[in-house]
Amino acid sequence: MNKKTQLVLASLATTLLVAGCASGPSFVELNALTDKIVKASFRDQSHVKVERITATDETNRLCSEADVAGKPLDEKTAKRIEEANLKAIKWPSDGKFIGDWKEGEKIAQSGRGLTWTDKADDVNGGNCYNCHKIDQKEISYGTIGPSLYNYGKIRGVSNPNDPASKAIVEYTWGKIWNAKAYNACSNMPRAGHTGILNEAQVRHIVGLLLDPKSPVNQ
Amino acid sequence: MNKASSLAVATALALSTMPALAQKTASQGIDEYRAMLQDGNPAELFEAKGEDLWKKARGPKNASLEKCDLGKGPGVFKGAFVELPKYFADTQRVQDLESRLVTCMETLQGFNAAEISKTAFGRGEMANVTALATYIAAESKGQRFNLSQAHPQEKTFYEVGKRLFFQRGGSHDFSCASCHGEEGKRIRLQDLPMLTKNPGDGVGFAAWPAYRVSNGQMWSMQLRLNDCYRQQRFPYPGFGSDATIALSTYLGVNAKGAASVAPAIKR
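The listed protein sequences correspond, in order, to chains A and B.
In terms of my numbering, the first sequence is residues 1 to 218.
In terms of my numbering, the second sequence is residues 1001 to 1267.
Bound-form chain B, shown alone (with noise of 0.2 Å):
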């Protein structure tokens, strides 16, 4: 296009379109910014110190995780990610990768799972637990979401997942479905990915943990899960409780085949 003619389309959109116009400038902005922020992402600074915590002796007994089983086996952690929540004999429970995690740091440092538990999210050794969860999901980046459904409690907690993502109640009626059960809906200008099959590789389960800009935080699936409840106005979720992780194993599987782009950059 020459110069006059574009200048006449643009002339004529700015008269023609304005409102439209303004809306497709404001995404574009944003889609800008984002990919503005891919170039840096803070989430490799909380990579490095799950790595270091992972190598580290500590707690009661001195010892480091390096021993943790994620599902593959003692110490094995490349590929665990993206087949959790699984079910773990030793636990006689199906686990995510947050819950799982507290349960090595419990069983190989000697820290107390359930005080960990009650922490609130970003402090103390709740703090550690989500460094930890960014450092092996990342060790699991481009691979694709494979989860097991071999085992009754796995199938068991898909259904219950699955009745989770639909329970409509609260204040406003709202299930996980009022915002996530439809292609191409958003919340004012956030695009909302629909959760009920495969959102594609990076979206959904397979981009969390992520560094949020806005709070300047490391959020993983725990807190991702715990602030939609809050935003549908639910009561509070217990970090790893059974409820987060069926609805996880539903998320999960039904995003079998994405490829985790996690920890990932959000707005």
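Okay, chain A solo, but in the shape it has when bound (with noise of 0.2 Å):
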């Protein structure tokens, strides 16, 4: 630790000391005394185990502090947790990155796996439609995050194997495998990252999103 760090870690400490005093509980007593009472409260249940909550990562837990906070993370630590979480991103392994359109639309419809009323070997589902618009011949879907419809029409490919659709095509697949790599403390799902989706499932969303016969261009 350098001589600047252990001055600022010396001063927060006096300060979190006095407000200590006058007002009950500090903020890291209070991060500290959520952390015992998560241990105490959660038990494993199926193939869901507490783990999933007490290690979870630096992204979860800058932004979920963030959260508490109330205030935005400042933009030096944004950038880092997406440059970690850009660089953590497995690009398809034989460089194909549009699926089948049509297993994209199931996937997308499924909000199946990784509840612990689920069984560990079902086949997981992306839960797209639970918040966004894709096809709209389905009614039924939620306004968490934007829209999707004519997702590939918009960003005007028309020819997704097209040189000239290469970025756009590369950070579809990006968004999908790990959202945080381009918002770090976006609302969505790191699909690819933490495993809920798997290479070929993320082939076809990319289709869904990007194949100019998918019935979301049309």
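Heads up, a few of these hints could be off.
[Said to hold, decoys possible] EDC-like, lysine to aspartate or glutamate: derived pairs with alpha carbons at most 16 Å apart: (1) B:1256 / B:1201; (2) A:87 / A:57; (3) A:102 / A:138; (4) A:213 / A:44; (5) B:1118 / A:44; (6) A:71 / B:1182; (7) A:76 / A:103; (8) A:96 / A:162; (9) A:133 / B:1044; (10) B:1155 / A:29; (11) A:106 / A:138; (12) B:1266 / B:1044.
[Claimed, not checked] Non-contacting residues of chain A with respect to chain B, defined by C-beta distances greater than 12 Å in every case (computed): (13) 75; (14) 83; (15) 87; (16) 90; (17) 93; (18) 95; (19) 103; (20) 106; (21) 166; (22) 171; (23) 174; (24) 212; (25) 213.
Honestly, the hints are just simulated from the structure, not real lab data.
Where is the CB? At the ideal position from N, CA and C, for every residue including glycine.
Since each chain sits alone in its own frame, please combine them into the complex, following the hints.
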């Protein structure tokens, strides 16, 4: 630890101590108490283990803290988180980004998998329609995320294999694989990164969004 | 509007905005369905069962619950629901309605609190706790939420509850706020209340216990939170655990001023 960090930590400790005396437990003490309460309150159920929430990564930890403070992450921290998540993206092993949009639609519709009432070997869904409008024929869609109707068309993708489309194709894969690579505290799950969807499933979702024949782009 | 022009408007709508019209019809249909449900709420059956259980001598000590202190003194239950969770000096902890009822079942009737807390929802004495909670909640219908933040433990539980509300984790990185942190959002067609402030009368914390038509079950607040955590892909929260009570304290304090409609009826 360098001198500057030591100094910051020391003054932070003093501030917390003063605040602590005046008005109950400090911010840091409350965080520690929350951790303790989480460990004592939750238990494993079926294949869902407590480590899922106690061993969470820096991205979730820092974003949760920012949410509690009611302030977005500072730019530097956000950049650092995004870079780390970008580096962790697994690109398609065979270089193929576009799958079968019909399969993609099935995955987008499914909200199955990874709850304690699902079987451990169930095929997971993408939960996409829970938050996004996608094919406009499906009227039961959520609004937490933006509409993805005409996703490829709006971005001018008429041939996803054309080198001119490369940037959009790669971004789409990356966003689905690890949404936090482009927006540190996005509400969107990291479908590939945390193992919700496998490579083939992500490929089908990219197809659903970018294939000119997909109902999304009609 | 005369008949000819309303026909013209209807035709124009049908031709130009088919998907939008279909959607409006679907959500309108749901609203009508909900309104129809208000005519007869099966929660009343659970309310009646709860009243019986409250007054009946039961358990190893063959006693009723009529002397149970829900925070306003022994036997006073009107208005108790809208002030819970709160700190109780005898147990030295913050308790919600359900965990407090279990405490009374142990101290007054001689039941084993730990055994009840381990029982699955809808089974054995746990089903009785839900009926009792339905009865007690109904006795405060129309009253406004007003949780105490006077005791240091109540303040601490609010702060811990806030941290739990924003805790991201699990396979999907979800927190409570992922769905309940913004106004006017929905999952599929289901409207989501924003729970970081008072969401309004009879919404969110002020609507549970509620009868669920889709599965024919009476759901308590503990079960409501349990199933949220399940869908959030979190591990299993213990019944009456500090996490569930801290989260309830956060939601309850935020709901200050909201009128309770519990027991409500849900899709």
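*Hints broken by the structure, by number, lowest first?*
The structure breaks hints 4, 7 and 9; every other hint is satisfied.
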